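Okay, here's what each chain looks like letter by letter:
Number of protein chains: 2
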Amino acid sequence: MTIYKNSQNKKINKRFDDKIIQLSHGDGGIKTGELITNLLLGYFGNEVLNKLEDSAVISCSGHKIAYTTDSFVVDPIFFPGGDIGKLSICGTINDLVTTGCVPTALSLSFIIEEGFTVPDFKKILSSIKNTINDNELRIVTGDTKVVGKGSADKIFINTSGIGIINKNIELSPRRIKAGDKILINGGIAEHGIAILGSRKEFNFKSSIKSDCAPLSSLVTDMLSVSKKIHALRDVTRGGLASILFEMSGASGHSINIYENEIPIKKEVLGICQFLGLDPLYIANEGKMVVFVDNKDTDRVLLAMKKNEYGKDSRIIGEVTEKYEKSDTGKKSDKGNVILITRLGTIRTLDLQYCEQLPRIC
Amino acid sequence: MTIYKNSQNKKINKRFDDKIIQLSHGDGGIKTGELITNLLLGYFGNEVLNKLEDSAVISCSGHKIAYTTDSFVVDPIFFPGGDIGKLSICGTINDLVTTGCVPTALSLSFIIEEGFTVPDFKKILSSIKNTINDNELRIVTGDTKVVGKGSADKIFINTSGIGIINKNIELSPRRIKAGDKILINGGIAEHGIAILGSRKEFNFKSSIKSDCAPLSSLVTDMLSVSKKIHALRDVTRGGLASILFEMSGASGHSINIYENEIPIKKEVLGICQFLGLDPLYIANEGKMVVFVDNKDTDRVLLAMKKNEYGKDSRIIGEVTEKYEKSDTGKKSDKGNVILITRLGTIRTLDLQYCEQLPRIC
Numbered sequence: 001m002t003i004y005k006n007s008q009n010k011k012i013n014k015r016f017d018d019k020i021i022q023l024s025h026g027d028g029g030i031k032t033g034e035l036i037t038n039l040l041l042g043y044f045g046n047e048v049l050n051k052l053e054d055s056a057v058i059s060c061s062g063h064k065i066a067y068t069t070d071s072f073v074v075d076p077i078f079f080p081g082g083d084i085g086k087l088s089i090c091g092t093i094n095d096l097v098t099t100g101c102v103p104t105a106l107s108l109s110f111i112i113e114e115g116f117t118v119p120d121f122k123k124i125l126s127s128i129k130n131t132i133n134d135n136e137l138r139i140v141t142g143d144t145k146v147v148g149k150g151s152a153d154k155i156f157i158n159t160s161g162i163g164i165i166n167k168n169i170e171l172s173p174r175r176i177k178a179g180d181k182i183l184i185n186g187g188i189a190e191h192g193i194a195i196l197g198s199r200k201e202f203n204f205k206s207s208i209k210s211d212c213a214p215l216s217s218l219v220t221d222m223l224s225v226s227k228k229i230h231a232l233r234d235v236t237r238g239g240l241a242s243i244l245f246e247m248s249g250a251s252g253h254s255i256n257i258y259e260n261e262i263p264i265k266k267e268v269l270g271i272c273q274f275l276g277l278d279p280l281y282i283a284n285e286g287k288m289v290v291f292v293d294n295k296d297t298d299r300v301l302l303a304m305k306k307n308e309y310g311k312d313s314r315i316i317g318e319v320t321e322k323y324e325k326s327d328t329g330k331k332s333d334k335g336n337v338i339l340i341t342r343l344g345t346i347r348t349l350d351l352q353y354c355e356q357l358p359r360i361c
Numbered sequence: 001m002t003i004y005k006n007s008q009n010k011k012i013n014k015r016f017d018d019k020i021i022q023l024s025h026g027d028g029g030i031k032t033g034e035l036i037t038n039l040l041l042g043y044f045g046n047e048v049l050n051k052l053e054d055s056a057v058i059s060c061s062g063h064k065i066a067y068t069t070d071s072f073v074v075d076p077i078f079f080p081g082g083d084i085g086k087l088s089i090c091g092t093i094n095d096l097v098t099t100g101c102v103p104t105a106l107s108l109s110f111i112i113e114e115g116f117t118v119p120d121f122k123k124i125l126s127s128i129k130n131t132i133n134d135n136e137l138r139i140v141t142g143d144t145k146v147v148g149k150g151s152a153d154k155i156f157i158n159t160s161g162i163g164i165i166n167k168n169i170e171l172s173p174r175r176i177k178a179g180d181k182i183l184i185n186g187g188i189a190e191h192g193i194a195i196l197g198s199r200k201e202f203n204f205k206s207s208i209k210s211d212c213a214p215l216s217s218l219v220t221d222m223l224s225v226s227k228k229i230h231a232l233r234d235v236t237r238g239g240l241a242s243i244l245f246e247m248s249g250a251s252g253h254s255i256n257i258y259e260n261e262i263p264i265k266k267e268v269l270g271i272c273q274f275l276g277l278d279p280l281y282i283a284n285e286g287k288m289v290v291f292v293d294n295k296d297t298d299r300v301l302l303a304m305k306k307n308e309y310g311k312d313s314r315i316i317g318e319v320t321e322k323y324e325k326s327d328t329g330k331k332s333d334k335g336n337v338i339l340i341t342r343l344g345t346i347r348t349l350d351l352q353y354c355e356q357l358p359r360i361c
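Residue numbers (the numbering used here), protein chains in the order written: chain A, 1 to 361; chain B, 1 to 361.
Any given hint could turn out to be false.
Said to hold, decoys possible - With a straight-line cut-off of 27 Å between C-alpha atoms, the simulated BS3-like cross-links for lysine-lysine are:
id, chain 1, residue 1, chain 2, residue 2
1, A, Lys51, B, Lys123
2, B, Lys19, A, Lys129
3, A, Lys122, B, Lys19
To be verified - The following label-pair restraints were derived from C-beta to C-beta distances:
id, chain 1, residue 1, chain 2, residue 2, range
4, A, Val102, B, Ser217, 32 to 38 Å
5, A, Asp350, B, Arg174, 54 to 60 Å
6, A, Arg15, B, Arg199, 32 to 38 Å
7, B, Lys122, A, Val102, 21 to 27 Å
8, A, Phe204, B, Arg174, 53 to 59 Å
9, A, Glu321, B, Phe78, 49 to 55 Å
As the list claims (entries may be wrong) - What the simulated footprint calls covered on chain B by chain A, stretch by stretch (three residues with Cβ under 8 Å from a Cβ of chain A suffice, anywhere in the stretch; the number is not a length):
id, stretch
10, 46-60
11, 68-77
12, 126-138
13, 157-165
The set of hints was computed from the structure by calculation and includes no laboratory data.
These figures come from a predicted structure and were not determined experimentally.
The C-beta atom is built at its ideal place from N, Cα and C for all residues, glycine as well.
Pulled out of the complex, with its shape left as it was, chain A reads as follows (with noise of 0.2 Å):
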């Protein structure tokens, strides 16, 4: 599970007035948050759920487990960098780890529209096949589910994992504390701009892949060398700016980010500005963002640079202060988040309202 992180806003029995499920409600943006906070947590809401992390933690016979599940229904299915059974097993090894667990096995359920044609679905399946080899992980449990042509949009998956975390590790927002330093392992939107640059109604051709990858080894990497990362968070639908909202709320922090310091290639930059499309929202897939002590940011960055995934990781911010909770005062009870732009000004980050791409993951 991801998008929506507002443990501050205690008052989850809002009203949900909406008549129709849109577009949006799947996005990432505020309408899902409104879904998820305003609706799903008024029905299901538990101290564990309430938190929406990226993975849940339930103890178990004195064992913490991580526990997570996501569905996929990309479009299209096979794009540069990936397809969605890479995407899907990736999807959930990214959740899990951000708990700082060792992934221990995964379930894997396909909702097939009839007439799909099997070399498609081998190919898929080869791709699953690869990156759960890669990771030394199982598939354990699984379903298979066939609709009427018309009835769904040739094939969705469901994964979910569950992981053991060590005693002594404990990832969290709530470990967040002013001073942080926010890193992430590389240039963003790349899996948004893959996607909308594979899909037909879009006429331009870029030579940019999805960021598509499992980042277990990455974490791993990154916690070998140090007991003070805070926290992690997977940073997809939504994009950049949405995750760090979800962390400020979560955290009660306010943060600062540079625009300068965020990597982001140069071709995925004009792609955007080309197409009015703001990076910051647009969908990672390979993407963790960190946040760690002041004292061991150096050695987190060299940790995280040495790994295939973290090239191009970059200190990106940091966490500037604890903010009161309050309706009417200048800090939002949701969040803060302060981008310094090029230009050296100011702008506030927030969840953005209408959906940039659907069926982006």
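Go by the hints and put chain B onto chain A.
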């Protein structure tokens, strides 16, 4: 996970020659079996997955954890006796409790079609909430995706679940032995007929409701009176016959079933006869088959009858003998289930080739 248990057959790398995915690949019959055994296990097979039980059992720091997943695509989403929400929670509970575990936590993931109405969504959410509350369960992680109009049919739900298995409990087809009695907790084929009757294309009215029910209390009651329950199996897609066929294959034992003893409502039987459907292959969603040592049969049956979901429990057959694994001999290596008919004749039950009812769950 359910369907097509065939651990006797080690040749899982047999060819899968179909060119397109058909509805029959998802119906729980022989085509589903081929997809799972010849294709999916070829890619992902491992010692846990190969067992293809309702729930995987994995060991985790000295504990046994049950883990299962299912996607639900039932059409229509509201039907007599339940809806897709109740079905998704009951299905996962029932898969979990076949291991004898105490269900601990669930995941819940939605794929929703743009334009789905919020009142219908709320009905489903209420139904899920009631079912988890009745069973003292929690949803700890979830996901919501929305796809464009026409890219899915209203709503699909994936649930997964984990549970802790007491060290002293081991339920597995491997424990089945000759002489075991086979019990079921009530009338068959009600879910399938209820779904059929609620589809527009079928022009009949009936009072039959889906048997959709959570069977955790039933299993708890059974396990509290006997240590000699050898195996449980949730009887869903593919119906009683397919599940017995799988259990025969998984245990390496032949099974005799008495048609006269199989509970079935008169109206269900009448509709099946009218439509030319075999109730033995029609789906259930609140039925469990129980393999129990002959010595404990009476006390287990009594415990079942006392439970609200077991009032019509019956002994329907017995395990007769261990059979030899041979491709050429009289005994099939894929299981051997004999139905003694009302007329006293003998019929060998096998997996069915074609789907009777797509999107039954």
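Now for the hints, and whether the structure bears them out:
Between Lys51 of chain A and Lys123 of chain B the CA atoms are separated by roughly 25 Å; this keeps the pair inside 27 Å, and the hint holds. With a CA separation close to 20 Å, the supplied pair Lys19 of chain B and Lys129 of chain A stays within the 27 Å bound. Restraint check for Lys122 of chain A and Lys19 of chain B: the C-alpha separation of about 11 Å stays at or below 27 Å, so the hint holds. Val102 of chain A and Ser217 of chain B have their C-beta atoms about 35 Å apart, which keeps the hinted 32 to 38 Å range intact.
A beta carbon spacing of about 57 Å between Asp350 of chain A and Arg174 of chain B agrees with the range 54 to 60 Å that was offered as a hint. Roughly 35 Å separates the CB atoms of Arg15 of chain A and Arg199 of chain B, a value that falls within the hinted 32 to 38 Å. Take Lys122 of chain B and Val102 of chain A: their Cβ atoms lie about 39 Å apart, and the range 21 to 27 Å is violated. At roughly 58 Å, the beta-carbon separation of Phe204 of chain A and Arg174 of chain B lies within the given 53 to 59 Å, and the hint holds.
Distance hint check for Glu321 of chain A and Phe78 of chain B: the Cβ-Cβ separation is about 51 Å, which falls inside the suggested range of 49 to 55 Å. Note: the stretch 46-60 of chain B has 7 residues with beta-carbon separation from chain A under 8 Å; the three-residue rule is met and the coverage holds. Judged by the Cβ-Cβ criterion of 8 Å, the stretch 68-77 of chain B is covered by chain A as claimed, because 7 of its residues qualify and three suffice. Residues of the stretch 126-138 of chain B with a Cβ under 8 Å from some Cβ of chain A number 5, which satisfies the need for three, so the listed coverage holds.
Coverage of the stretch 157-165 of chain B by chain A holds [criterion: at least 3 residues with CB-CB distance below 8 Å; count 4].
In the structure shown, a violation is registered for the earlier hint numbered 7 alone.
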